[in-house]
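Line by line, the protein sequences are chains A and B.
If you count the first sequence from 1, you need to add 750 to reach the numbering used here.
If you count the second sequence from 1, you need to add 797 to reach the numbering used here.
Please keep in mind that the hints were generated in silico from the structure rather than gathered at the bench.
Being a predicted model, the structure only gives us computed values, none of them experimental.
All residues carry an ideal CB built from backbone N, CA and C; glycine is no exception.
Treat the hints with care, since some could be wrong.
To be verified - Restraint-style ranges between C-beta atoms, simulated for each label pair:
id, chain 1, residue 1, chain 2, residue 2, range
1, A, Gly991, B, Pro921, 39 to 49 Å
2, A, Ser1129, B, Tyr1069, 19 to 29 Å
3, B, Arg998, A, Ala1198, 35 to 45 Å
4, A, Leu929, B, Ile883, 53 to 63 Å
5, A, Leu826, B, Pro921, 37 to 47 Å
Stated by the list, open to error - Some chain B residues close to chain A (C-beta under 8 Å, calculated; not the full set):
id, residue
6, Ile883
7, Ala915
8, Val1090
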Amino acid sequence: MTATTEKKPPAHAAPRPKGIAALKPHTTTLMVVGGVLTLLGSFLPWATFVLNKGPYPAQATLQNFTAPLASSGFRLHLVLFGIAAIVVALVKRIPARHRIARALGYGTIAVSVINGLWITVEGGGLGAITASEGSVAFGAIVALIGGIVLALASRVGDLEPVPEIGWKFNRWVEWLILLVVIVLLLLLVAAVLTSGGFGATATYAGAVFLSFLAALGGFLGALHAAGLLGWVNALFDRHRGYAVILLLVAALCLPLTSAGTEYWMTVATNIGVYAATAIGLNIVVGLAGLLDLGYVAFLGIGAFVAANLSGAAASAVGIHLPFPLVMVIAAVIAGIFGAIVGSPTLRVRGDYLAIVTLAFGEIFVRSAQNNIGGLTGGSNAIPGIPPVEAFGIGFDQALRIGPVSLPRGVLYYFLIVLLVAFVMAVFANLKYSRLGRAWIAIREDEDAARAMGIRTGPVKILAFLIGAMLAGLAGAIFAHKTATVSYESFRFLESVTLLAAVVLGGMGTIPGAVLGASILFILPEKLREFADYRLLLFGIALVLIMRYRPQGLVPDAHRRAELVEEPEPIDTGGDKPTTREAVAP
Amino acid sequence: MSILMSQIVNGLILGSLIGLIALGYTMVYGIIQLINFAHGEVFMVGAYGAVGTATFVLPTAVTTQWWFLLPIMIVIGALVSMVVAILMERFAYRPLRNAPRLAPLITALGVSVALQEAVRVFYPEATAAIPFPSIFIPGALVLPIGDGVPIQYSGILIVVVALVLAFALNTFVEQTRLGRAMRATAQDRDVARLMGINPDRVIVLTFALGGALAGVAGVLYGNFYNFINIDMGFQNGIFAFTAAVLGGIGNIRGAVVGGLAIGLIKSLAGQYLPGGGAYDYVWIFVVLIAVLVFRPQGFFGETERVRA
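The following block holds chain B by itself, in its conformation from the complex (with noise of 0.2 Å):
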């Protein structure tokens, strides 16, 4: 029973965390219809930028408080993913925005790679994993379940947060003009512009809003497991995707929810499908498979004909 309910609650966690980064999948693909495949790594610069940060340029005295040094990380992750996304935006995806299809997800590649490669060369001692300072309070909370379930105050932290977020990101795009801009050019791009909205600027800002979270999600991924590699840039943006998928692509709410099930179904197939741990990812890519190829509009979509 403890086994189930610490997997659930680390399920829960990873799912916040994929969550997060399915909101920039979600929300750059319903505007542009673009899979941004670098979107992983823009997530991986943020941990990057975070700790680099904290590492070479703040002085110690700041870096032992946490409740100073936790909101600066989490700011600087934000901005540096941020800034990657929109130079992203702006160099690599605004010209090819008339191209067709293939163009752009080749590109999109292109820029993974390139991102990935980057901080491998050029981050200190990138090539292999690198420590995370652990900045939020240490410890767990230990519900009384079983044997004990312990939950990790920095995993409550990243859950808190994630929900947070999106909550704000929702009633963003629902209720401000900008968020209303939005999802005009998420619809027609062309009578967007016919109704006064510039389409290149809400793209652009759809780009900073997922990087921005993204950027987050770094920091927080780096804070709840220690370390940060440049691969994990690569494959919790897949799993976002799928996150992104399973909850109808387009969709904030579905992301989160998506992001959560993914979690989930991770953690629960390590724990209890045949192969364990090892064939963990595997079982996400089936579902990935199975729910592209069974209900492409995910849970929440609607039934349009999915765009090919």
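One chain only, chain A, in its complex shape (with noise of 0.2 Å):
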């Protein structure tokens, strides 16, 4: 968030064609009616006849939406965007209205695109929202149009800096706003994983999730355009130990919210696990700069290795230890393949080091499919990993604290909590040590790194060591969450997942790590409709990502310089760039 406030180059620089040009002094209007078609698509009936695989949700298929107090679903969303569009049109006091406007309209598009596209799809064509057996359900095309007009007024009108808010409170003011803030994420997050629900009640659960980030999207961009996300951004730096403190006590809170059920917590405890990993690998890539693609490799050796000291009846080792000490084998273990792994670093660059590193990775599937020296299990996989246990409690179970019950899998979501705030708070650390400046000079060019003084060989290996070991640690804890271990969980698709989470979200940033993680295993366990075109997508999101923004949804201040251009003097075409530079902060 602190680095989208870069501004466009304003719109206005491109001769615009005359038509629209026309219309700017009726931007105030042209918003009023883009709001009042949103609102009014909202409450017209959106499909003509119940779909096949039963009625589409928020009463989509009602005649005419004839209550609009009961609204809910993605017709609340659009009444919000269309009441917002209207006030922020008439109240001329708001800062940058039109840039507000324009994130509204861009919500309210995707928000009708994506269910007028369901309903479409799902009813077996246009009829399904146009015509069909003497009714109309415009609903959509109105929600759509009224976007357009919006986005459309926002483009007429000169699009504003986003402003800068400067309200400073009393401290406990701000705590307690901070508190709100935080309480809030909470409940979206909750209300993000929890969105269409799952299994085979949950029909349209894609079209609902899709839809919801869609409103998602556009609310925020609207508090961006506004200014406000900036402004509660900067509260978090002033008060960044009692946000982490907060935020901590907001993630363990999670299982209170409605996302507390066995499954969510699933979900919840493999995305933590991918997310620690991925910071683990944001060490190597984002920091020192180093490409690993055969970085999942470590995360099965901590799994394997917590598998056989686990007691599990299949394992070759056979001993049971206590799972802290387990943890830190594994980290240790892992650790040490880490360094080996990195060793190559001393006389390897650039691509070829990646390859390395891919290489590695196969070597290590290879022969865990073989199960080298009855370790791995081989194909039949390490079955029947016990539960972590303490004080008598196996960490499968159920949690009753007084009139609390927490269910089953809780133990294990907080146990990764912890681990990705652990982890987290080894990166933030490492990342402004010595050690951490000595990497970011690596990486950004390792000759005068070394001309420096920097002992660049050593400096290269801790950080596959220490990257290594945080995915250890997290493969440890992943061995007994599913209680299965197979190799099949660790080839190299799982490594360029965990490349694009940490490219995502954005290198070398810990929210960036997070945020990537969150999406790349969120995305498929939501759409489960597309499971087929899950891969297919994702190759296509990793070339457009490269293409559109390379920085990562979270960009790094340092990293964000060096990645979206490289001035070439030679090329003419590079102007552009240069703009861009001009422009940032």
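Join the two chains, each given in its own frame, into one complex according to the hints.
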């Protein structure tokens, strides 16, 4: 969020077609019209008949929506969009009105397109939203037009820069505001997790989820445009320690929200495992700039070590050590392998290093597949790993504390939250330490770093070692949580997914890695309708991210300068980057 | 003795295929320093394009005559791969030409995943291995060594085609105007531009040539092994990359020799080294690591410092 304050080159820099420019005095009217159309669209029927898989959510099949106060789901979002647009249009004191209208317009467009498209596809053709047997349902189309009008209005009017809000309050007031923000964040996370539901009853889970995401994006965009997100961000920075503790507590409170069921706890735990691993990878790739294409092997090594020391019947070692000890051993062994994999960095650089790490990853998978030394179970995997136990409670059990009953798997969730917090702390401390600065120096220019007196060899190996240890820790929890460890969980594709999580989130930042891992591991969970297309979309997304937003969703300040462009003095087409550079704060 | 001989024969056949694919890797890396991870998928797509055409498009009367069907399939395989390679260059790599090096590498991974999945999702029943018609003369030539060493005719075809194509490519690069333009672009793109060469066109040509060779390799692979699957691109692509590195990246002769070496290593390691066939991949990766660490310029590469 810090860096999204980058300002786009003003839209009017390019010669605009006269037709749109003529509308300039009427932007307020346009915004009102867009808002009204959006409102109207939300109350019109969206489908002309009950779809094959049952009624579409939010009572979209009604002939006309008659109860404005009872609207829910995507219709509620549209109502909010419409009202917000009208308010923004009429209250001229709001700063950056056009920018807010743009976010609202894009949100409306996305919501109406997603739901309209879904109804069309599920209903078997455009007839589902336009006309069938004498009835009409123009909800999707009207809302879409409303959104387009809003976006158009913002395009015609000048896009203002994002305002910086400088409100400062008493410390206690600011703490209270932060508390409210974080509680809202917690509820939001729970809502995102559970939106659409799961299982056989949740027919339109994918549509509901995507629509919710789109609405969320629109609202957050509007808040950002109004400068509120930037202000909250500044608030976080001012009270960092307090905010971090609050965030941790909030994460531990997730089981108390609507996401507190066994299923969502499992999903959240899996996300946590990959988030912790992604942060570890972020040390290697994001900080030290060493591309590792076989990183998931360390997660695998940690998992197999834990499986073998867990007393599982199928393990070759057959000893049962206490879990904390197992975690330490898993981390140490993964770290040793990390140092081995990292040792070629002494001689190999760049792309070649990526290939070396890929080769190590493949060697690991092949060896695990062939049950090397009887340690990995081969294609039979290692099943039946007993759950972690502490104070006589198995971690796979439900928990009851007084009146509060928590679902099964909640203890693993707590464990992984603590692990992620630990990994974040390690990352944050390392990043600003002498070692972290050495990594960043190596990333920027290895020869220059060496000239500055950094012993590049040990420093690079340390990056691999620490990254691998963190992955090994995550692997130990992963083994106990899933109870079965198979080589199939650690294939090349998983490494690519982890790398994509780091890249998508933003290299070298903590929220980036967590956000990236969450997105990449929650989307397949939610979009089961597209299970077949999952990897196809993933591949295309990877290409598009690199093309349009290589710095990721939460870009690192250093990294951004480096990844956005590399001025090419001879290339005559190089004017565009310089404009962006000049505009960047 | 005959086991050793037949393993060597197998190795040479596989090695010729890998060499053909490695040519594409080595040319692309030589010219824009990109490890084109998706090149293996280009090889795979060629095989699927050819077998798809033979199954769904060509009339059955045509498909019974090998001397007619085989050239058609090879041409179609080459064309399909070439088109995919050109599109890939145009839409995925060209926009990133001046980006930091990590970006195109990750893009290549994305293209690789997307191509593989596109075939899996859209080609009928491609989730499992699909049969590839055996179109060349069936049977084998038996060498009178020991108990007799059979060499499949389709294997001989692979070796011959690979050597001929590699020789043709080498001649093209060394003796034609376009080949000189390619070498100039590889040495210094900006100076090449000043000399009146359009680097974009040369780069597209490189991708097209590499793609076509991979497509031919795909058809020959299917014809020899009689089945194709969507994983074949990734594995053979990695082998081919190893071969390209082994021979000295950017070096055409090196790629072929490297390919043959990798083929021999795989078949001999599968026979004689501990672990047997289950670990032959592992040995190739061990060789890859060893080469990258100890002799990154390969057998034939110049001893200039490897670009980082």
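To see whether the hints hold, each was checked on the structure:
1. A/Gly991 - B/Pro921: 39 to 49 Å: 59 Å, violated
2. A/Ser1129 - B/Tyr1069: 19 to 29 Å: 25 Å, holds
3. B/Arg998 - A/Ala1198: 35 to 45 Å: 36 Å, holds
4. A/Leu929 - B/Ile883: 53 to 63 Å: Holds, since A/Leu929 and B/Ile883 (Cβ atoms, about 57 Å apart) stay within the stated range.
5. A/Leu826 - B/Pro921: 37 to 47 Å: 43 Å, holds
6. Ile883: At 16 Å from the nearest chain A Cβ, B/Ile883 fails the 8 Å test, so the hint is violated.
7. Ala915: 6 Å, holds
8. Val1090: Hint holds; B/Val1090 Cβ to chain A Cβ min 5 Å, cut 8 Å.
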